[in-house]
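*Asks:* Residue-level listing of the chains:
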Amino acid sequence: MSEVKKFMFVNRKAPYGTIYALESLEVVLITAAFDQDVSLMFLDDGVYQLKKGQQTKGIETKNFSPAYRALEDYDVEKLYVEKESMQARGLTEEDLLVSVTVLSRAEMGALMDEQDVVLSY
Amino acid sequence: MKFGIVVNEGPYQHQASDSAYLFTKAAIENGHEVWRVFFYHDGVNNASRLTEPPQDDRHIVNRWSKLAEEHKVDLVVCVAAALRRGIKEENLAQGFRISGLGQLVEAGIKCDRLVTFGD
Amino acid sequence: MLHIVNKSPLTSNTLDSCLSTATGGDILLIEDGVYAVTRGNAVEAKLRAAMGQFRVHVLMPDLEARGLGDRLVEGVLPVDYAGFVELAASNKTCQSWL
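Residue numbers (the numbering used here), protein chains in the order written: chain A, 1 to 121; chain B, 1 to 119; chain C, 1 to 98.
Simulated from the structure, these hints should not be mistaken for laboratory data.
This one's a predicted model, so the numbers in the text were calculated from it and none came from an experiment.
Don't take each hint at face value.
Said to hold, decoys possible - In silico DSS-like cross-links for lysine-lysine, where the CA-CA straight-line distance does not exceed 30 angstroms:
id	chain 1	residue 1	chain 2	residue 2
1	A	83	C	46
2	B	110	A	78
3	B	72	B	88
Construct the entire structure; sequences and hints are all you get.
*Replies:* Laid out in structure tokens, this is it:
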């Protein structure tokens with residue numbers, strides 16, 4: 001399949017409370033395997049997906065956060081975090097387990113407009 | 001125009017599946033093609049042959065099956081999400097097929113528009 | 001771009017997030033999102049302000065189902081499912097704010 005489209009994944013949900021974050025990540029990996037142009041946007045509670053130090057033993061659930069670090073191996077390097085969402089949650093870039101580009105709401109909106117396919121979870 | 005539809009919630013619990021169905025029907029009635037409907041997350045429960053709503057309620061599963069039969073809509077259930085939730089070939093309703101997530105990505109690539117319904 | 005919002009603005013920040021992020025274009029309120037376009041609700045002023053920047057549409061079958069078909073804020077554009085399809089077709093992309 002030679003056609004390349006710009007896929008954006010908009011993550012607005014926190015991990016563990018619901019399965020969306022985990023299953024969304026599965027779509028991201030497959031999309032990258034199809035050699036598409038993939039970017040990930042973390043907005044609102046979605047920012048919590050990237051928090052360092054997740055310890056899931058006590059809830060008997062798999063800690064899937066290391067997978068965000070593996071995205072690089074799939075050539076998924078465009079990770080965007082929305083600034084106000086991060087600040088509103090008392091977080092800074094230091095708290096995140098991968099390196100990201102921090103953007104304002106307006107910059108995020110402009111980026112959305114450039115996409116061919118937007119999948120939101 | 002070629003549409004792809006994504007359904008992320010199960011039937012009856014959330015309106016998503018109803019909205020997706022009514023959108024799909026309207027798209028077809030207005031001369032568009034719905035190339036594929038992809039069921040993900042709890043959306044895979046839309047494919048359970050064991051669904052038995054009360055007589056006076058709409059039959060969401062059969063409604064999808066009928067659409068597949070009459071308009072050749074490709075109803076694809078994500079295998080990983082389905083196995084997690086106990087949806088297998090043996091309880092799969094007519095017109096649905098189980099396949100990989102690649103089918104969702106393919107819909108994104110091949111369709112002119114991808115419309116998602118969920119929570 | 002078409003932005004679809006399906007959450008009540010009184011219980012969720014989804015509409016807020018959409019309005020402060022999206023650059024313009026079409027917004028369609030469906031399912032529980034339709035409560036945003038009813039007269040007298042707490043976010044009516046915010047919605048009216050947004051109407052300067054966006055074309056705001058509502059899926060009428062969802063509004064009518066909720067008993068609020070006669071409370072539509074003036075200037076909001078009512079559509080049926082065929083209108084929803086038309087909006088999706090006329091915009092290059094569509095995002096469901098889930």
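*Asks:* Now tell me if each hint is right for this structure.
*Replies:* Results of checking the hints against the structure:
no.: 1; hint: A/83 / C/46; result: holds (22 angstroms)
no.: 2; hint: B/110 / A/78; result: holds (23 angstroms)
no.: 3; hint: B/72 / B/88; result: holds (22 angstroms)
Checked against the numbered hints above, the structure violates none of them.
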